[in-house]
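> Sequence:
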Amino acid sequence: MEPDTQKVKDMLEACSSGKLHVVETLLKENPVYASQQDMETGASPLMAAATAGNLALCQYLLEAGAPWNAVDRQGQCAGNYATTAEHWAIVNLLVEWGTRAELILGAIERTSRDGNTNLPSSAPNARVEHEPSTKPDYLRQRLQYTEDGQALLDADNDAVMMEWERPLMKAHAQVLMDGPGKRVMNIGFGMGIIDSALQELQPELHIIVEAHPDVYKRMLASGWDKKPNVRICFGKWQDCLPKLIAEGVEMDGVFYDTVSGILNHFEQHHV
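Residues in the sequence shown are numbered from 1085 upward in steps of one, following this note's numbering.
Each statement offered as a hint is correct.
List time: in silico DSSO-like cross-link candidates among lysine-lysine, alpha-carbon distance up to 27 Å: (1) K1091 x K1112; (2) K1311 x K1301; (3) K1311 x K1327; (4) K1266 x K1311; (5) K1320 x K1310; (6) K1301 x K1254; (7) K1310 x K1327; (8) K1103 x K1093; (9) K1266 x K1254; (10) K1266 x K1320; (11) K1254 x K1310; (12) K1320 x K1254; (13) K1301 x K1320; (14) K1301 x K1327; (15) K1093 x K1112; (16) K1327 x K1266; (17) K1266 x K1310; (18) K1254 x K1311; (19) K1091 x K1103.
Hints were generated in silico from the structure; no laboratory data involved.
Start from the sequences and build out the full structure, keeping to the hints where you can.
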């Protein structure tokens, strides 16, 4: 059943005002309303609920199939809306949901690799085809940074990294660097959020592994190759790490946040 344009608007209004009974009625009529976006603005039900600070409704929409990483016409996702409104419980919910999706995708891949077709049944109802991390051609796609500097998008306008992640990245950096003089590595530069945070903490050695040519070009244009104690390794981490290990490079901490690689790939290697 094709979604009705007016009912898409009704869904957005209901999510903004917290009318759960209207949301339930519309989803019972057609579950696709959980993921439909306004044709003009690109706003989604999850974005509306996140802006309103309605944690319970956000949880309900995610369970109903609302994509947690969908972006509007300005390249903003529900996480951006929640961050702008300082609804940190919703930010945490979205981060947890994305993490669960990644772990489940990893389990699915391991199961497929082992030849077992019994896939996990507890996956969240996120639309996997929209997940950037499931795109095997990621490194061949053209990436673009939004003009306002708020996001890095792939060829499908899916978010690779977004500004709302900055507080989380700063927290990660503080865990990696409990004081100056540490030797740290980041795998996956993106927008350079965690790398900027690490630089503020004055590492002795700061290795950045980045495989995407568009991101690497941005790094050079921004002068990252000239920053003190920074070493850039251009290529896949699977190729870079053995070379670093052969050189005898030792690190105090490693941050892993790539897009196209799933966590279980990293678990197969020892750093």
